[in-house]
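Using the working numbering, you'd call the opening residue of the sequence shown number 1417 and step up by one each time.
It is worth saying that the hints were derived from the structure and are not from the lab.
A hint or two may mislead.
Stated by the list, open to error - Derived Cβ-Cβ restraints for the label pairs, each shown as a range: (1) L1620 with D1422: 36 to 42 Å; (2) T1530 with V1439: 17 to 23 Å; (3) A1608 with A1471: 33 to 39 Å; (4) T1474 with G1454: 20 to 26 Å; (5) T1585 with A1608: 37 to 43 Å.
Glycine included, C-beta positions come from ideal geometry on N, C-alpha and C.
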Amino acid sequence: TWQTVDDFQVVSNHVAEPLAMAVDAQGSIYAAGMYENGVGGYKNALVRRSSDQGASWTTIEDYTYPNPTNHVVAFTAIGLDPAQNLYAVGLTGLGGGDATDRLVVRKSADGGATWATILDVAAPYAYNGLATIGSPAFAADTAGTIYVSVQYRSGNFVLKSTDAGATWTSGNAGAWVRGMAITPAGLFAAEALGGPWGMVKKSLNGGATWTTVDSRS
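With the sequences and hints as input, model every part of the structure.
Listed below in structure tokens is the structure:
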């Protein structure tokens, strides 16, 4: 059985979409996504938090990309590292047209009270500027290494940081990374190939090299 714990709209008669969720060590729940802000074609990225198991919710991040020509921004992943730093990951770009989108990572070290952009890099032509289709993903291991992935027209990249987002290194898992997960057996990436095939790949060395562990059509 299910019950609705949040029914939220920022601007009347305009869409609000949650796209990802996470839970911190204290049990607070985070929902991340985007909403239409009432200006034609413009969208803001959004993070909402509940500290009482969904009984009440508060907006802790309402983000507009500072470049006004990139008027769509959406968070499609949210997660925490072992130090409980909070990361919201998404894309920004034009709402339509052949735009160069950017991968953006926002970080909060105080549970969402304050935020800073720690990564802002080009993700070229992420499907005609549609800010949710690049499917940025987030994962963190027990050592504190964080991973961010994004797909774009000509491929994808996986970025890794061992210092809570201060510096990043780049690797490539191969195809269009849709999501990532970390288990004691390694780092896993779920990928789509732009056709009827999909696969899961695994890395045992933090993304330096990968092997295919599942492939299906």
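Range hint compliance [Cβ, L1620 to D1422, 36 to 42 Å]: Holds, at about 39 Å.
Assuming the hint says 37 to 43 Å, is it satisfied by the Cβ distance from T1585 to A1608 or not? violated (24 Å)
If I claimed the Cβ atoms of T1474 and G1454 lie 20 to 26 Å apart, would that claim hold in this structure? holds (21 Å)
So does T1530 sit 17 to 23 Å from V1439, Cβ to Cβ? Given range 17 to 23 Å: holds, Cβ gap about 21 Å.
With respect to the beta-carbon atoms only, verify the hint that A1608 and A1471 lie 33 to 39 Å apart. holds (37 Å)
Going through the hint list in order, the structure does not satisfy hint 5, though it satisfies all others.
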